[in-house]
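Asker: Chain by chain, the residues:
There are 2 protein chains.
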Amino acid sequence: MKAYTQMSKEELKALQAELEGAYEEAKAKNLALDMSRGKPAAAQLDLSMPMLSVLDEKSVLKSENGTDCRNYGVLDGIPEVKQLMADVLETKPENVIVYGNSSLNIMYDTVARSMIHGVCGETPWCKLDKVKFLCPVPGYDRHFAITEQFGIEMINIPMSEDGPDMDLVEKYVNTDAAVKGIWCVPKYSNPQGVSYSDETVRRFANLKPAAKDFRIYWDNAYCVHHIYDDKQDVLLNILEECEKAGNPDMVYQFASTSKITFPGSGVAALASSAANIADIKKKMTVQTIGHDKINQLRHVKFLKDAKGVAAHMKKQADIIRPKFEAVLQVLEKELGGLEIASWTNPNGGYFVSFEALEGCAKEIVAKCKEAGVVMTGAGATFPYGKDPKDSNIRIAPTLPTPEELAQAADLFVLCVKLVSVNKLLENA
Amino acid sequence: MKAYTQMSKEELKALQAELEGAYEEAKAKNLALDMSRGKPAAAQLDLSMPMLSVLDEKSVLKSENGTDCRNYGVLDGIPEVKQLMADVLETKPENVIVYGNSSLNIMYDTVARSMIHGVCGETPWCKLDKVKFLCPVPGYDRHFAITEQFGIEMINIPMSEDGPDMDLVEKYVNTDAAVKGIWCVPKYSNPQGVSYSDETVRRFANLKPAAKDFRIYWDNAYCVHHIYDDKQDVLLNILEECEKAGNPDMVYQFASTSKITFPGSGVAALASSAANIADIKKKMTVQTIGHDKINQLRHVKFLKDAKGVAAHMKKQADIIRPKFEAVLQVLEKELGGLEIASWTNPNGGYFVSFEALEGCAKEIVAKCKEAGVVMTGAGATFPYGKDPKDSNIRIAPTLPTPEELAQAADLFVLCVKLVSVNKLLENA
Numbered sequence: 000m001k002a003y004t005q006m007s008k009e010e011l012k013a014l015q016a017e018l019e020g021a022y023e024e025a026k027a028k029n030l031a032l033d034m035s036r037g038k039p040a041a042a043q044l045d046l047s048m049p050m051l052s053v054l055d056e057k058s059v060l061k062s063e064n065g066t067d068c069r070n071y072g073v074l075d076g077i078p079e080v081k082q083l084m085a086d087v088l089e090t091k092p093e094n095v096i097v098y099g100n101s102s103l104n105i106m107y108d109t110v111a112r113s114m115i116h117g118v119c120g121e122t123p124w125c126k127l128d129k130v131k132f133l134c135p136v137p138g139y140d141r142h143f144a145i146t147e148q149f150g151i152e153m154i155n156i157p158m159s160e161d162g163p164d165m166d167l168v169e170k171y172v173n174t175d176a177a178v179k180g181i182w183c184v185p186k187y188s189n190p191q192g193v194s195y196s197d198e199t200v201r202r203f204a205n206l207k208p209a210a211k212d213f214r215i216y217w218d219n220a221y222c223v224h225h226i227y228d229d230k231q232d233v234l235l236n237i238l239e240e241c242e243k244a245g246n247p248d249m250v251y252q253f254a255s256t257s258k259i260t261f262p263g264s265g266v267a268a269l270a271s272s273a274a275n276i277a278d279i280k281k282k283m284t285v286q287t288i289g290h291d292k293i294n295q296l297r298h299v300k301f302l303k304d305a306k307g308v309a310a311h312m313k314k315q316a317d318i319i320r321p322k323f324e325a326v327l328q329v330l331e332k333e334l335g336g337l338e339i340a341s342w343t344n345p346n347g348g349y350f351v352s353f354e355a356l357e358g359c360a361k362e363i364v365a366k367c368k369e370a371g372v373v374m375t376g377a378g379a380t381f382p383y384g385k386d387p388k389d390s391n392i393r394i395a396p397t398l399p400t401p402e403e404l405a406q407a408a409d410l411f412v413l414c415v416k417l418v419s420v421n422k423l424l425e426n427a
Numbered sequence: 000m001k002a003y004t005q006m007s008k009e010e011l012k013a014l015q016a017e018l019e020g021a022y023e024e025a026k027a028k029n030l031a032l033d034m035s036r037g038k039p040a041a042a043q044l045d046l047s048m049p050m051l052s053v054l055d056e057k058s059v060l061k062s063e064n065g066t067d068c069r070n071y072g073v074l075d076g077i078p079e080v081k082q083l084m085a086d087v088l089e090t091k092p093e094n095v096i097v098y099g100n101s102s103l104n105i106m107y108d109t110v111a112r113s114m115i116h117g118v119c120g121e122t123p124w125c126k127l128d129k130v131k132f133l134c135p136v137p138g139y140d141r142h143f144a145i146t147e148q149f150g151i152e153m154i155n156i157p158m159s160e161d162g163p164d165m166d167l168v169e170k171y172v173n174t175d176a177a178v179k180g181i182w183c184v185p186k187y188s189n190p191q192g193v194s195y196s197d198e199t200v201r202r203f204a205n206l207k208p209a210a211k212d213f214r215i216y217w218d219n220a221y222c223v224h225h226i227y228d229d230k231q232d233v234l235l236n237i238l239e240e241c242e243k244a245g246n247p248d249m250v251y252q253f254a255s256t257s258k259i260t261f262p263g264s265g266v267a268a269l270a271s272s273a274a275n276i277a278d279i280k281k282k283m284t285v286q287t288i289g290h291d292k293i294n295q296l297r298h299v300k301f302l303k304d305a306k307g308v309a310a311h312m313k314k315q316a317d318i319i320r321p322k323f324e325a326v327l328q329v330l331e332k333e334l335g336g337l338e339i340a341s342w343t344n345p346n347g348g349y350f351v352s353f354e355a356l357e358g359c360a361k362e363i364v365a366k367c368k369e370a371g372v373v374m375t376g377a378g379a380t381f382p383y384g385k386d387p388k389d390s391n392i393r394i395a396p397t398l399p400t401p402e403e404l405a406q407a408a409d410l411f412v413l414c415v416k417l418v419s420v421n422k423l424l425e426n427a
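Same order as they appear, the protein sequences are chains R and P.
Letter by letter, the first sequence follows residues 0 to 427 in numbering that gives the first Met the number 0.
Letter by letter, the second sequence follows residues 0 to 427 in numbering that gives the first Met the number 0.
Extracted from the complex, chain R is given alone in its bound form (with noise of 0.2 angstroms):
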């Protein structure tokens, strides 16, 4: 196939008026498709349904140290799971606080803890007259809302196949006192599914901030969510990077069993230094008197051990991989060569990150909302839903089934091409 920015004007008038017919076939279908959030499909879920049999009313529900999981207390989680979440997050136990189901809300907990109490004895950030974040984009929608609520202004940086741009992060946090955090998807990024490079992560662990009160935000949310067997992401560790570089309270790592066994019904955790969880855990005492011990004895038993969860993960991949593979085959086939998309390939994670001609992310997800098929908003990867070039949509191929993959991603491609079109047509 030509590429379209290789073509005349007539020959994309030609094109269009194909394009145009086919869309129209298209809607007539009345298709009712998502591929708009990272969830789970059905079929993923029935894999940790046994989890559900592992305690029952004859069960013994006490932790290894003795504790009643059935009663109050026990602030940072029974001892076995935070072995669990220490060893999926490959650290120690006594740096993991495990709390209840989500880690986004220990995200936010964090980020409005330090906006009203401070970050280890510093100013609380509300008593501060400006409060910035370093948002990687393209990046998670949720993470900028948070900063967005809690009124602290966003700044972008730009991703690479090797993570954010590290002389714009340096410059940054190392010159300006208000730089208090930067959010980061390290392994399988959301949206792009890259990893970030063992000198990232290096680069990361020996910034000096100027704020002392400054943390990485490292959701580490994918970090055992591998689609290939034989081809696997390893991420160095930034907790152990960071103690080396002499900044060992500079991290709040993050992950959850959300997309491991049943989102929302899952534990979720915080890794970080001694210091910054004694400072955690003072403020958290009083804020709760303890989680969900039950369920988080429930995973252990289920779970096991890392070896356990990177079983089940295989599992989750055999199911995940065809639809991964369904829509690449069909970017891959419809636009390769066309000179009009790219297009990200990764190794695990939710997502792929797809890149359109600027200007045309916002049409293309309108019209294939008008033809049944809901994609993630155009500018939800960047922050306050801004996409300065309007080209970046996030594909989750996850939660259909691979039969109404084929059809969404048909009508998807179908849709960039009539949308490149009608750009290359308008600036010819």
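Incorrect hints may have been included.
One copy or two, either will do: identical chains are not told apart, so a pair holds if it fits within one copy or between any two.
BS3-like, lysine-lysine: derived pairs with alpha carbons at most 30 angstroms apart [said to hold, decoys possible]:
#1 Lys26 to Lys207
#2 Lys385 to Lys303
#3 Lys281 to Lys129
#4 Lys26 to Lys385
#5 Lys385 to Lys282
#6 Lys282 to Lys126
#7 Lys306 to Lys12
#8 Lys306 to Lys230
#9 Lys26 to Lys230
#10 Lys368 to Lys282
#11 Lys61 to Lys388
#12 Lys368 to Lys280
#13 Lys281 to Lys361
#14 Lys26 to Lys126
#15 Lys126 to Lys368
#16 Lys385 to Lys281
#17 Lys368 to Lys281
No lab work stands behind these hints, which were simulated from the structure alone.
Place chain P on chain R using the hints.
Answerer: Just chain P, lined up with the frame of chain R:
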């Protein structure tokens, strides 16, 4: 027995010697007992064990509206759990948000949100010079810990058998715009076990707050926690009364199943007006995607409805009642008529409030501890841990076994007698 207050110095001295001997004997027993926290006993927790079998790997985890409870979503709780908690709180499901496992956490978050974002569009409290809360005393230490952590000034309001001193409440709330809230445990109050009278509830509903963002923090922690079948307090519905009085938005009501099913593994709820619910959900949507819907479903399958809850609470009462009776009998038998103490006789809840002679509470608690019986810290029932009269002690009889309780109560009254005699001799 002759009242201690009527005794001569000589009589008191003879008594002192006798009590000191008894105390030394008691110490030699090396007791290790705990009447400090309102925790259910293991026998109470056993009642809820069947809840762990109502869902298993074969269950269909769909909510009544078709939602897959295993996946992401549903900010305010699945419909059937909203109905259940609405039944318990005698309101409508649309006035309820069901959260995770902790009503304390909801209260903390509610104060935190008011600090950072303000209440229904009013100025965030962190931007104000001064924020005050009224604190009926003696009261619940964890309430006071929240307001203390946020730097909110706490004002003591004396409690009577009808609830807080409403003359004082009206004076503060209706004239001082810095007063933004009041902590209430309106039914079987912590620690008195008294329930607010109808007149008290109506006077609450008819407040004319100087601050638009004044809210009553109505912690209905013991709403269904009766001790007796034939003596049950009935509390007027505050949401209805506020609506009648033209103050529909003045109350946040809190409750949980912590002391119905499992503390730490229950569900918690907030009930309020449509305007407040909308205000809260708007902020919450950034904080979390949703709470544990599987556990919500588990609770509905087990408790079913208000009738099911009542039947379950009757079984709890059967376990708790003998413990309260045991403690109250010891108090009456050993301290009745001595004019050195008074205490409450609650129909529900988790506590007995004990009033010693002025200046004796700390010493009594210390003497108990020295002999191996842990009581709630003296002063804990007051803001900043400061009981101005040093006279109040909270007794929590639910956790120990009846045998342990008899021993603990015996030691307690011995310490009360000894410290009282010492005090009377000091003043003689």
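Asker: Checking Lys61 and Lys388: alpha-carbon separation at most 30 angstroms within a copy, between copies, both or neither?
Answerer: neither (55 angstroms within a copy, 42 angstroms between copies)
Asker: Which holds for Lys26 with Lys230 at a C-alpha limit of 30 angstroms: within a copy, between copies, both or neither?
Answerer: So Lys26 and Lys230 fail the 30 angstroms test inside a copy (38 angstroms) and across (67 angstroms) alike.
Asker: Measure nothing new, just compare the shortest in-copy and cross-copy C-alpha distances for Lys282 and Lys126 to 30 angstroms and report within, between, both or neither.
Answerer: both (18 angstroms within a copy, 21 angstroms between copies)
Asker: Using 30 angstroms as the alpha carbon limit, work out where Lys368 and Lys281 are close: within a copy, between copies, both or neither.
Answerer: Between copies only: 25 angstroms across chains, 48 angstroms inside a chain, cut-off 30 angstroms.
Asker: Pop the pair Lys306 and Lys12 into one bin, within, between, both or neither, using alpha-carbon distances up to 30 angstroms.
Answerer: Close neither inside one copy (57 angstroms) nor across copies (71 angstroms); limit 30 angstroms.
Asker: With 30 angstroms as the alpha-carbon cut-off, assign the pair Lys306 and Lys230 to within, between, both or neither.
Answerer: Intra 18 angstroms, inter 56 angstroms, cutoff 30 angstroms: intra-copy only.
Asker: For the identical chains here, do Lys281 and Lys129 meet the 30 angstroms Cα criterion within one copy, between copies, both, or neither?
Answerer: Classified as both; 26 angstroms inside a copy, 24 angstroms across copies.
Asker: Checking an output row: Lys26 and Lys126, CA cutoff 30 angstroms. Within, between, both or neither?
Answerer: neither (53 angstroms within a copy, 52 angstroms between copies)
Asker: Given a CA cutoff of 30 angstroms, do Lys26 and Lys207 count as a within-copy pair, a between-copy pair, both, or neither?
Answerer: Close neither inside one copy (55 angstroms) nor across copies (58 angstroms); limit 30 angstroms.
Asker: Within a copy, between copies, both or neither: where do Lys26 and Lys385 come within 30 angstroms Cα-Cα?
Answerer: Within one copy, since 28 angstroms is at most 30 angstroms while 71 angstroms is not.
Asker: Can you tell me if Lys126 and Lys368 fall within 30 angstroms by alpha carbon in one copy, between copies, both or neither?
Answerer: Result: close neither inside a copy nor across copies, 44 angstroms intra and 43 angstroms inter.
Asker: At 30 angstroms max between alpha carbons, let me know whether Lys281 reaches Lys361 within a copy, between copies, both or neither.
Answerer: between (46 angstroms within a copy, 25 angstroms between copies)
When held up to the earlier numbered hints, the structure conflicts with 1, 2, 7, 9, 11, 14 and 15 and fits the remainder.
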